[in-house]
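Start from chain A and add chain B according to the hints.
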Amino acid sequence: MYPAIDIDEQQIIQKAVKGNQAALGAIYEQHADAVYRYMLYRTGDHHIAEDITAEVFADMITAIRSYRDMGVPFRAWLFRIARARLVDHWRKMQRRVEQRITFSEDVEEFLLGDSLEDRHAYDDLLEALQYLTPAEREIILLRYAADMDNDDIATAVQSNANAVKSMMYRALKKLRTILHNKAKTLEGGTNDEATE
Amino acid sequence: MMRQPNNVSLSSEDSSIQAQLEALGRPQLSPQHRQRIWREARHRAQLQAAPKPARFSLFRLVPARSLAALVLVLTLLLGSNVTVLAAGNSVPGEALYPVKRGLETMQHSLTTAEARPMLTLNFLDRRVHEAVRLVGTYRPVPETLLDEIALLLNEVTVYSDLWQQTDVLATLSAINIQLTVVARQHPEVQQLGTLAGSSRALLTRAIEAAGVTFPAEDVPPIGVSPTAADIDITEPNELIPKENVTPHAPTQTAQPPAPPTPTATGVPPEKTATPPPTPTTPPAIGEDNPPPGLGGTPPGQGDAPPPGQGTPPGQEEIPPGQVDPPPSQDETPPDGEDNPPPGQGGTPPGQGDAPPPGQGTPPGQDTPPGQDKKD
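Just so you know, the sequences run in chain order A and B.
In terms of my numbering, the first sequence has 1030 at position 53, counting the first letter as 1, and numbering is strictly consecutive.
In terms of my numbering, the second sequence has 180 at position 187, counting the first letter as 1, and numbering is strictly consecutive.
Bound-form chain A, shown alone (with noise of 0.2 Å):
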């Protein structure tokens, strides 16, 4: 499930860095939800991902009177004024490397839907994306919880296109390899204690 690109978008942007309100309303209307969600995957908390995105949403009210379209996906160059937020959060928390981040029930919650059923089944993926590196995560959350693909995801992580597809086969791979061997050593539990 995509967004669909707006046509019109580029319109949008030209008015809203002419200062137009209901264009910046606009963009912010299209982006938030992907913002947010990229911030709560990255902090695990409700409070400070909404803090977050206010300030990445004020820097681009702030930052898009001087954008020029120099063919740079605005995406692209809002996720790196989101990821610049980012760092400076971290920084004051005074943590240099992002930690392990554990989700609470009401993140889960909203994450995950309503459904027991779905968290039963998507908890142990959760739990995976924490094996991976930062760089890993970090392209993960931002392809299936930012919808950005490739392209997009080197120009705001300031690489190339074909390094970002080599990391994501490779954090693919690597979930892939926890989620088996996790059902792996369930199932050996579980035959144990059909053993016994």
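Derived from the structure by calculation, the hints contain no laboratory data.
Note that this is a predicted model, so its numbers are computed, not measured.
Mixed in with the good hints there might be a few duds.
What the hints assert, rightly or not - Interface residues of chain A toward chain B, partial, derived using beta-carbon atoms under 8 Å:
1) Gln1007
2) Asp1010
3) Leu1088
As the list claims (entries may be wrong) - Which chain B residues stay away from chain A? Per the calculated CB distances, all over 10 Å, these:
4) Ile10
5) Ile30
6) Arg109
Stated by the list, open to error - Listed next, the in silico SDA-like pairs over lysine to any residue satisfying Cα-Cα at most 25 Å (straight line):
7) Lys992/A <-> Ala12/B
8) Lys1159/A <-> Ala1053/A
9) Lys992/A <-> Arg35/B
10) Lys1142/A <-> Ala1053/A
11) Lys1159/A <-> Ala12/B
By construction, the Cβ of each residue, glycine as well, lies at the ideal position given by its N, Cα and C atoms.
Chain B only, in chain A's frame:
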């Protein structure tokens, strides 16, 4: 128009993971949350756009490069001043002594010919103080320093014009004392006496001729080593001001005021033609020596002038309007006002009643101008 799925090539198992990730919850913000975040973002953007109160910054007043240059210049100036000050107290063998000598060389080259004698005296004073400090701290006195002192002494004797100045004489007197102290304590610096013997003799004569005296007890006797406290290791005399240059050398201004010397001639006494007065301490004012105008013998009737300030030999005191006795009657003056009673002073012994043998009365001073002798 929908965005195409990710173009990452995946195996079937990876595709299932990808499907799981894609199916991962994509929650959307509630309208309340969405509005709250947007309101907060706009508020923060307004705060960012608002002009911040200007903070005081020196860089705003002065360009950064100018400020850096200013700081550099100040650092160099202050640092050099500190170095110069520290070098001023250095003695031979210390790290900053070459700096001190370099500055002196520069000072010497920048000084005019008129001011050079005083500068030479100043340098001599510094060298002597350096020697005294070395001696006082039990360090060897370099040969070169002794040679320099001898050369400077020779040079100072050339500038005899300076010796007419009281402050210069006081400095020379202090230098003389210190040289004596150094030479007596350390045999190795006895060569000062030979190297600069003639110069010091001239110096001593000039000091004594000018009447600049110093107490003899300030100079330790031979064989008695003065302690470091006895040696004045204070800063060199800078000659300006010279009111109290050194306690060793009381100047003429420190002596009690001399009573007016009644001279019939009005000719001031000549210094150069007189032998040096005996350097003795001025008599204390007391019962035996009443101050002028407070009793005792009235002026003109036998007051004893302070030593060194009385009538020089050959210029006997003659009250105004009275006749100089003939030379043949010096021994037996006639009775009268000119003949003071015994014990009431008169001319001090050896200072005028009879000229020293072989000297006689200097020509032109036996008879005041306009007053003929009575035959």
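Inset, instruction - List in ascending order the numbers of the hints, as given earlier, that are violated by the structure. - result: Of the numbered hints, 1, 4, 5, 7 and 8 do not hold.
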